[in-house]
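Novice: The lines below spell out each chain.
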Amino acid sequence: MEFPLLFWGVLAWMIFWAVAGAILIKRRYLAQDLDTSNASFIGAMSGAALGPVGLAAVWARTPKSSGYLTTALGLLTVLIVAVTFSFADPDNICVTSGGFVASQFVNGLIIGIIYGFMALGLSLIFSILGVVSFAHGEFYMIGGMVVYFVTAVFLPGINPLMGVLAACATAFAIGAIFERLMLTPMYHGKIDRPIEYGILATFGLAFTLQYFVQALVGANPVKAQRFIEFPRWRFPAEADPIWIKTSRGSMTLFEQVTISSPRFTAALTCILVLLALLYLLHRTWTGKALRAVSQDREAAAIAGIKPDTMNMLAFALGGMIAALAGALLVQAFSWLPQVGAIPAMRSFVIVVLGGLGSLPGAFLGGIMVGMVEAAGTGCVPDPQKAASYIPAYGMIVLTLTLLLRPTGMFGRRFASGAHGQF
Amino acid sequence: MTKQIPNIAGVIVLLFLAAFPLVYGAADYDYIMHIMITAFFYAILAASWSMLSGYAGQFSFGHMGFMAIGAYTTGLLCHYIYLSPEPTGLCTETPFFGQWLVVVNPIGVTSTTLTQDCLRQAMDAWGGRVEVTRMPVPLGILMGTIMGAIAGFLVGMLVLRLRAAYLALFTLGFSEILKATISAEIDITRGQAGLELPPLYPDGVTLFGTYFEPTDKLPPYYTMLALLLACLGILAWLAHSRFGLFVRALREDQDAAAALGVNTTRYKVLVFTITCAMAAAAGAVQGHYVQIITPNLLFLLQMSLVVAMAVIGGIENFVAAAIGAIILQVLLELLRNSFVIGGIEVDMTIWRLVFFGLLLMITLRFFRNGLIAPLIAYFGRVGVAEETVAKRASTLTGPGGGPHRTEAPD
Amino acid sequence: MTTFRLLTATAVGALVTASAALAADCPIKIGGIAPLSAPGTVVGGEAMREAMLIAQEDINAAGGVLGCDIEVVIGDSEGLPEKGAALMEKFITQDGVVAVGGGYHSSVGVASKDVAQRLETPVVFAETWNDTITGDKQKYIFRIAPLSSWASATIWQFALTVPGVEKVAILTENTDYGIPASEETARGLESGGVESVTFSVDIGTQDYAGIVQRIKAENPDMIITLVTGEAAYNFTQQAADAGIGPLDLPFVTGQDALESGAYWENVPDGQYAFVQRIGVPETEFTDKGREFAAKYKERMNKSDVESYAMEAYDSIAIIAQAIEEAGSTEADAIVTALEGIEHNGTLGKIYFPYGTGKDPSADGKGDEWWHQWPDPALTMIQYQEEGQDSTGAAIVYPDAYKTADPVFVNQ
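Read top to bottom, the protein sequences are chains A, B and C.
Going by my numbering, the letters in the first sequence line up with residues 15 to 436, in that order.
Going by my numbering, the letters in the second sequence line up with residues 317 to 726, in that order.
Going by my numbering, the letters in the third sequence line up with residues 31 to 441, in that order.
Isolated chain A, as found in the complex:
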């Protein structure tokens, strides 16, 4: 970095006013008897973006928190950090090369879609059961393992779609059985603290599944074949730069951005399944019942919906979604029994950022987390450190969200109060 003092100085200034804003504005709202749930966030963002001036304005006006205001302030903050960075480090490749930024952006977008999709399963489970499943990463791992064993070991040469279906079925079955055996006691007040019980039970499942798979299949990294190999294709044939150029394993856009075939198929499938899922949730009786239970268990029960069945369905469906993400990514990454840990952590970050229990939030959160990680990996100047900190980038987003706005982007309070009281 050429002018580190500039960057860190501005950052320190922003953090100082953000902290001051988070505390002061919250007090102000409290004193005015206004809704304080967003006050910390507004205070922090206005302080960070506009400094004492912004704080004074918010202090004087105490504006009602609206989506526009928070979004605008949030974007402004990000923009200021980005501009400062580009001045402080003018030679950084993130500043000088548009092609590089575009390729990092697409990378972040694609992996964000996939992990957002996976986090959707976690969010679904949370919205119905009120449990954060710590076994989400293990479902992801099992999805990949099943695809590998079906397509490469048991029935080589079979259509990978069969493997993916087998993975979904396996995960659905494990999820349903586990829910019946382990989670049923927590619905009827038999357990002192059901949320903690749910966390511990899924934690136990994660532990057992991971070592069970390792004991069965060993620790050699495995990988499935690419599901689809692109045909060689150029479009338009004469243009410069060529818009789309494909080779066996990857596709290049404008001679800048490379997307590999496994990632492309995975992201595309995720979007298609997401649409199917939205259809299920909004257009079918089962889906409507699921949503009804997530909004108000009591009312849903009165309307003739069995909340217990919905619990089982939600847990199995959530696990299946994770397994599907794994089944799609086993063609991109080498697979081991421990492979679930990183995406599980990322899913936690995503659902918190999007708002626990919110499905659109999970998807949008996934894309945002993908972007943050791409920006962190791509722009941190010291190449020795940039990638070493990859696991931390998401976690920083997580802790910041929890501190400033625990409900995340689209979070809501749950009627039954069973969801950790936020």
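The hints are simulated quantities; they were obtained by calculation from the structure and are not laboratory data.
Where is the CB? At the ideal position from N, CA and C, for every residue including glycine.
There are no misleading hints in this set.
If you want the footprint, here are the derived chain B segments under chain C, 3+ residues with CB under 8 Å:
#1 346-353
#2 489-500
#3 508-517
#4 605-617
Here are the computed lysine to aspartate or glutamate pairs in the DMTMM-like style, where the Cα-Cα straight-line distance is at most 25 Å:
#5 A:K399 - B:D433
#6 C:K246 - C:E213
#7 C:K167 - C:E213
#8 C:K167 - B:E512
#9 A:K399 - B:D503
With chain A's structure known, arrange chains B and C on it following the hints.
Specialist: The following block gives chains B and C in isolation, referenced to the frame of chain A:
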């Protein structure tokens, strides 16, 4: 009389643990002692975690993070801070009560012994003329404990508003950030290569007229045991004081407790500070005992072990959690030997963890108070566990019962 | 491979004698360190375990040592230094081993060697590269793996022979293997006037897309991977997807590529990758090497024998020979025997020229030559055909072992 059985059993266990290193004399003495010391270490973590998560209801997944803060604080201080009677002229140094406080420059990880830090270079130049002293180990452990308490205090302040799943995720995030930082700042922390610490008693120690080498197991055994007992003592004292009453109120219903005039903020922060300081102290002592620490202390498996030990022992009873931790740690270590069923060799290196996970799930499902706590409760009727049970029974039927209280009856 | 393995006669022995430690002098016990659970590199550990058990069978089939059978007690280091130290303590005090072989992670070696030295038990490390392991000149510590600095030297010296290379991108893991190796490689490249840029990653990293783009933006002429385990597979394949893989420019991939079955499954676009290999080519194997390779491949159902498996085998076999020559299991006698040993192992003739009898400084060598086998053959191989076995792959460097000219894909 039956009422006294847990107490009598407790005294017997204590006497056994106290006498064990003196009477045990087999050839595998060092190994068994190592297992016991590690078991005590896990017992401290499980007990303090059960106080924080079971008793006070602040479900934290960051406990190993605080442990690592303790271990790395003393490790880094002992590694980088020295007292020298003469200035080195090479390192960052300041006068300090007639001596020089030397801060050694980090040289990171090298595969050769050729690269030396500034102090080693200065000492080579002095040719053995000058004696430097490193930071005393007890001071390092104390600093580690204080750092753990400060971190616990700060985290406690930050998570005031967070409950249940949110709290679990926040603390997990904290622990992961810490792990990534320790792994990435390899120049300073030596990352995966591990930071080496001086032994617990660098010059050996003389107990009852017997001299023990720095590498002997007996002094660390008693140190760790004493730390465990001290932690259990503090926890017991806290549990039976007003503090215990209030933190339990925090768990049962935070809003109701606040409405009744309990300063929930203060008690929440306090319980974080105390239990995290304990974890840090355990980490610091263990770090000096094993003499090398790595960021893998923060591996999620380690946290799972502590959680599982506390749950299997009895999550709401810290004594049961500690006993559970000791028993499980010894079992896990002894179960490493593979065995044979029907001509098939079962490799226990991995399978023992599968069984451990199953045990955790079965305990959770069918023995909600753990396996040890009900034993204590059964005989004792003085333990904390069934007070909670009674409370729970009443709260379930009464107003403000379980969190799913609004659910439709079936 | 499955963990359910058919019962071998020796496993029964292991079970029975584990409980009755030290009861008898027979069988003679030798410890074997291997990482068998995460976060250790389990693949390497399982290979070494099998190799050491084969060594045990071979030695016992040949009549054992001092009239006794030997028994290799395998221990799991988990890749953690503190566990490694505890394991060494367990071997010596609980299992009553007379010497220890194996060892994969350098950090485990560094931590456990001090325990062995204190408890006066000879150790022959198989695959721990860190220079300090022998550099501390401890009486009971021996090593047959190459030094980290020699291994790095092979890579950068080879890189300097590649035509048209002006800038090299190094991807390293942030561990005690990766960091020093990348520093030495960068220094070596600089001495040859080649620029380099180092990217370091956390060992658990799966998704390299971002870092691959950064490397691509640096526009390197060659890529060197100093990463172990599945991370190297992930990086190599993802680099290939982005158009900077082994098919696009000279690409040195991680050592785990030597397990060619797993390599081709995980890196389908890995043709023309270079890999560093320890040991001579299969065509120059000793009889013992060939015999072991056949047995190992059959037993593990693998297409290749990895160099660390051969090292693990030799580490046990050399200890057995030393005990035989010493005529006792007494530690000092074994050390004396090891210092004078000439062992015909799977890797070649193994001996330790420097030690208590002759300090390395007598020949102007550095401390790290202490109890160090000086001639492990370090070669660079290249997968010139898709799906090739690593033992059948072309050796392209150094000239002494060369079997084919390297193919430079960007020429």
